[in-house]
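A.B. asks: Work out the full structure, taking the sequences as your base and the hints as a guide.
With my numbering applied, the sequence shown corresponds to residues 1 to 268, in that order.
Misleading hints may appear alongside valid ones.
Pairs of lysine-lysine residues, derived as DSSO-like cross-links and limited to a Cα-Cα distance of at most 30 Å, are as follows [stated by the list, open to error]: (1) K106 to K40; (2) K154 to K197; (3) K106 to K197; (4) K154 to K106; (5) K242 to K22; (6) K147 to K106; (7) K147 to K205; (8) K205 to K242; (9) K147 to K22; (10) K147 to K157.
Distance ranges between label pairs, derived from CB positions [what the hints assert, rightly or not]: (11) E27 to D191: 36 to 46 Å; (12) D56 to P171: 32 to 42 Å; (13) P143 to P230: 44 to 54 Å; (14) E167 to A130: 23 to 33 Å; (15) D215 to A130: 19 to 29 Å; (16) L29 to K157: 34 to 44 Å; (17) Y45 to P150: 31 to 41 Å; (18) K197 to P171: 18 to 28 Å.
Don't read these hints as lab results, they were simulated from the structure. All of these numbers come straight from a predicted model, not from anything done at the bench. Here a beta-carbon is modelled for each residue, glycine too, at the ideal position from N, C-alpha and C.
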Amino acid sequence: VLANLFFENSTRTRLSFETAMKRLGGEVLNLSEVGSSVKKGETLYDTMQMIDGYADVAVIRHPRQGAAQYAADAVQIPIMNAGDGAGNHPTQTLLDLFTIRHGQGKIDGLNVVLVGDLRYGRTVHSLSHALGRFGASLTLVSPEPLKMPPEIVKDLKSSGCHVEESEDLAPAISSADVVYMTRIQRERFPDEAEYEKVAGIYTLKAEDLRSVQSDMMIMHPLPRVNEIHPSIDSTDHAWYFKQAFNGVPTRMALLCRSLGIQIPEAIV
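C.D. replies: And the structure:
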């Protein structure tokens with residue numbers, strides 16, 4: 001039994017974990033803040049104590065950074081982090097790496113451009129570390145208020161990863177192997193006025209791709225707002241829907257590993 005514990009909104013992550021567990025023959029319990037005792041003031045610790053007795057593995061998404069680790073420390077069953085505030089999103093990173101490897105045939109030596117909300121974007125926090133470990137070069141494109149946290153940039157550089165930072169998207173994508181777009185996250189901004197200053201700052205359209213490499217991949221963790229124009233959807237550069245579909249086999253494999261069961265040959 002998988003417990004899906006989502007204290008923030010989710011479409012792809014929640015549904016792909018549920019689909020993954022059901023394809024493996026398991027059952028799924030879904031819990032959200034609305035409709036549960038969390039709404040009555042129950043603590044995360046107490047909630048996790050209950051889940052420890054009801055499920056064999058749990059997935060948690062929570063608005064507080066570090067919540068997944070806290071939950072894992074409170075129980076005996078395996079816990080997977082499906083996003084902890086502006087912290088990390090490791091299972092998204094695994095499906096991203098799978099997608100890049102499938103599209104480019106490798107990760108080592110690739111030029112990957114991360115675009116948009118690099119300050120609050122948990123997907124790019126996790127992905128940047130993983131890409132650095134696999135030997136990719138990174139170009140970080142964002143407006144000044146949304147730059148990658150300096151401690152992450154420092155860690156990347158100290159590990160030997162080549163990192164460049166820019167506010168200009170056009171020159172960055174001209175030599176890119178992968179362009180990873182992200183939305184500007186309204187919900188992470190403490191001030192609406194600050195959000196409005198940067199909303200919609202980066203948008204890719206089909207005409208912007210005339211000088212890019214023929215096999216350049218455009219990815220996005222979704223949901224998109226206006227970062228990728230629909231005119232790109234029908235091009236060979238569009239990988240974001242395939243990327244989302246890869247969440248199911250990736251999370252099937254993760255569940256198998258967590259539960260100590262054999263990974264089905266169909267997803268190997």
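A.B. asks: Per the hint of 44 to 54 Å, is the separation of the Cβ atoms of P143 and P230 within bounds?
C.D. replies: 24 Å, violated
A.B. asks: Verify the proposed pairing of K154 with K106, using a straight-line Cα cut of 30 Å.
C.D. replies: 25 Å, holds
A.B. asks: Given the hinted pair K205 and K242, is their Cα-Cα distance within 30 Å?
C.D. replies: 19 Å, holds
A.B. asks: Decide if the proposed pair is consistent with the structure: K147 and K205, CA atoms, cutoff 30 Å inclusive.
C.D. replies: 23 Å, holds
A.B. asks: Between L29 and K157, does the beta-carbon spacing fit 34 to 44 Å?
C.D. replies: Given range 34 to 44 Å: holds, Cβ gap about 43 Å.
A.B. asks: Does 18 to 28 Å hold as the CB distance between K197 and P171, or does it fail?
C.D. replies: Cβ of K197 to Cβ of P171: about 23 Å, so the range 18 to 28 Å holds.
A.B. asks: Given the proposed pairing of K147 with K157, does the C-alpha separation stay at or below 30 Å?
C.D. replies: The hint holds at about 15 Å.
A.B. asks: Taking 30 Å as the top limit, are the C-alpha atoms of K147 and K22 close enough?
C.D. replies: Since the Cα atoms of K147 and K22 sit roughly 39 Å apart, the hinted pair is violated (cutoff 30 Å).
A.B. asks: Confirm or reject the claim that Y45 and P150 have a C-beta distance inside 31 to 41 Å.
C.D. replies: Roughly 32 Å apart at Cβ, these two residues keep to the hinted range, so it holds.
A.B. asks: Holds or violated: K147 with K106, Cα cutoff 30 Å?
C.D. replies: 27 Å, holds
A.B. asks: Do the beta carbons of D215 and A130 sit within 19 to 29 Å of each other?
C.D. replies: 21 Å, holds
A.B. asks: Can you confirm whether the C-alpha distance between K106 and K197 stays at or below 30 Å?
C.D. replies: Violated, because 37 Å separates the two Cα atoms, which is more than 30 Å.
In this structure, the hints that do not hold are numbers 1, 3, 9, 12 and 13, in rising order.
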